[in-house]
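Peer 1: Chain residues, written in single-letter form:
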Amino acid sequence: MKIACIARQVLDADQRLATLDGRVSHDGVTFVLDGMDAYGVEQALQIRERRPDSEVLVLGLGADRVDGALRHALSMGADRAILLEVEAELDPLTQASLLAGEIRREGADLVFVGGRDAEGDSSALGPAMAEALGWPHSDWTTSIQVSNGSIVVEHDTDRGRERLELPLPAVVTTQQGLDEPRRPTLQGMMAAQKTGCERRAPGIEGDVEPRTTIVNEKVVVIERRGEILEGSPEEAARALVQRLGAAGGLGPGAGDSP
Amino acid sequence: MILIVGDQVDGRLLERTARAVTAGQHLADHLDGNLCGLLIGPGSENAGAAFARLVPRVITVSAPSLEEFRVEPWTTVVADVARREVATAVVLPDTRAAASLAPRVAMRLGMPLLEGVVGFDTLDGDLVARRFSHLNRVVQTLRPRSLPLAVTVSLDAFPPSPERANGGRVESTAVEVPAQDLRVRIVDQTISQQSSERGARTRVVVAGGRGVGGPEGFRDLVEPLAHVLSAEVGTTRPPVDARWRPYSEQIGQTGKTVAPDLYIALGISGAMQHVSGMNRSKVVVAVNKNPDAPIFRSTDYGIVGDVRAVAPALISALRDVLVRNPRSPDPSGPNP
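These protein sequence lines map, in sequence, to chains L and V.
Numbering follows the working numbering, in which position 112 of the first sequence is assigned residue number 112; successive positions increment by one, without gaps.
Numbering follows the working numbering, in which position 18 of the second sequence is assigned residue number 18; successive positions increment by one, without gaps.
Hints were generated in silico from the structure; no laboratory data involved.
One should not assume that every hint holds.
To be verified - These stretches of chain V come out as covered by chain L in the derived footprint (C-beta under 8 Å, 3 or more residues):
| no. | region |
| --- | --- |
| 1 | 16–22 |
| 2 | 65–79 |
| 3 | 114–127 |
| 4 | 139–150 |
| 5 | 158–168 |
| 6 | 178–188 |
| 7 | 282–288 |
What the hints assert, rightly or not - Label-pair ranges, simulated between beta-carbon atoms:
| no. | chain 1 | residue 1 | chain 2 | residue 2 | range |
| --- | --- | --- | --- | --- | --- |
| 8 | V | N290 | L | E180 | 18 to 26 Å |
| 9 | V | D29 | L | P52 | 53 to 61 Å |
| 10 | V | G214 | L | G160 | 14 to 22 Å |
| 11 | V | A179 | L | R200 | 31 to 39 Å |
| 12 | V | A242 | L | T185 | 24 to 32 Å |
| 13 | V | P178 | L | E180 | 20 to 28 Å |
| 14 | V | I186 | L | E180 | 43 to 51 Å |
| 15 | L | G22 | V | P178 | 44 to 52 Å |
To be verified - Examples of chain L residues toward chain V, derived with CB under 10 Å:
| no. | residue |
| --- | --- |
| 16 | D14 |
| 17 | D21 |
| 18 | S232 |
| 19 | L244 |
Note that CB positions come from ideal geometry on N, CA and C, so glycine has one too.
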């Protein structure tokens, strides 16, 4: 089977954020493959291990630098990578239209997308791609079993968990804990170097005018006291209760028996 | 007309619907039009009466094919009603289900989508919306290109709407759901005992991570501490994966976001994915045996130690204070 994985590149979350001209600054920052997308790449590789006739294709969209996320996926073991080169900043729905167009051209039985990206904090890409393709989708997926022509997934819902059976082709969005993405090996990195990314212009049938634009970004500065309370557990606990009382953290209602 | 897609369980209207109504009212200050509610599935007629106390008109849609939430038939119903009623906006409370439903509806109707909106504004005469991005560390202002639009609203940002003096009317309508929408089969479901509905306002959250050691750690440490503080219990991803706790309690990028007055993290290392779900809390306390745990970078007060020793000490210290002064050690209290 042919499995496509979306690979987005996002700011490494462990960095400090700064803004420049009302936008989050990209000066001197590192970009990484989005962790939620990496779950999908790992899942695709595991399916290929069980079904050796499978092909794992990774798809990226955006500026030249997105190449980095695709190379990471190739180093993990993906077979091919395609970068749809777009300079403009696009909202998730417009991205979904363009990526769906490429998937239609390439053909795929199964598409993995991260459940929520770490830059836009958006869950829209997977469902929107499924809608553009006319396919079913599963969100917040925690396990997946592939049979011929269908998959059975387990996923998180507002009220608990649910198992679903979806006919293929389908889109699956990942949930944290779906798997442990493997690290790129040296061998993988060398292979990725050789494979490289195919670069394409997105199909013209796509809707390239963004549906929303970001007019401003502001970093939320949260000052924390960072005070470590020393002493025995009892002493530290008493010190904490005293400080919480003074800070109003134990307001009316606290201590009321339900 | 602004269409509010309500949430109900077994005929009971969920409070987040009233929060979405408030967001819809804010939106109505910028876009003209009345609010209209939409309820889908069994129980809609019963919940419709409660919904009609919040908005002038409620549409209900029930059919055997709408017995359980599935995103495709729901998309068809919402899109059909929005089209028929010429809605300028479709507003949904931000839930797991809406995170899939709203983008599908927006794609089907060619609308811009605003996810997790915390406020609306006008900029140079245009409607703009504020939302969080970058793992909740950045506030973005977004301008939609056109109307109509789809919006999911962050529940913490909008209080529940009060009831109106005059009740609205409830009407049921039919929507044709094509067989293709029913191609996904529900094999089985596990409903957590914990309700998915949050209280009116979560003032205190006590959360446990992998470091509490197991389900008995939650029973013996996290829950008793939460009880003393009348707090809600929260958790991180690993205990959910290990099935110690239900997903409804998971806080973080892939769970829910909370912003209480006081957040106590027990045995939580503080991965960015978790911190992004609680970093808007007013006061953060962490107990962890590892002094280098990243959680201490996001903490107001930290205690380095074994949760099995610190949590009982904390419970006893809190009891002393709360028994002496059951209302509040600080008469001014936090802001309501």
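Peer 1: Which numbered conditions among the earlier hints are violated in the structure presented, ordered from lowest to highest?
Peer 2: 1, 5, 13, 14 and 17
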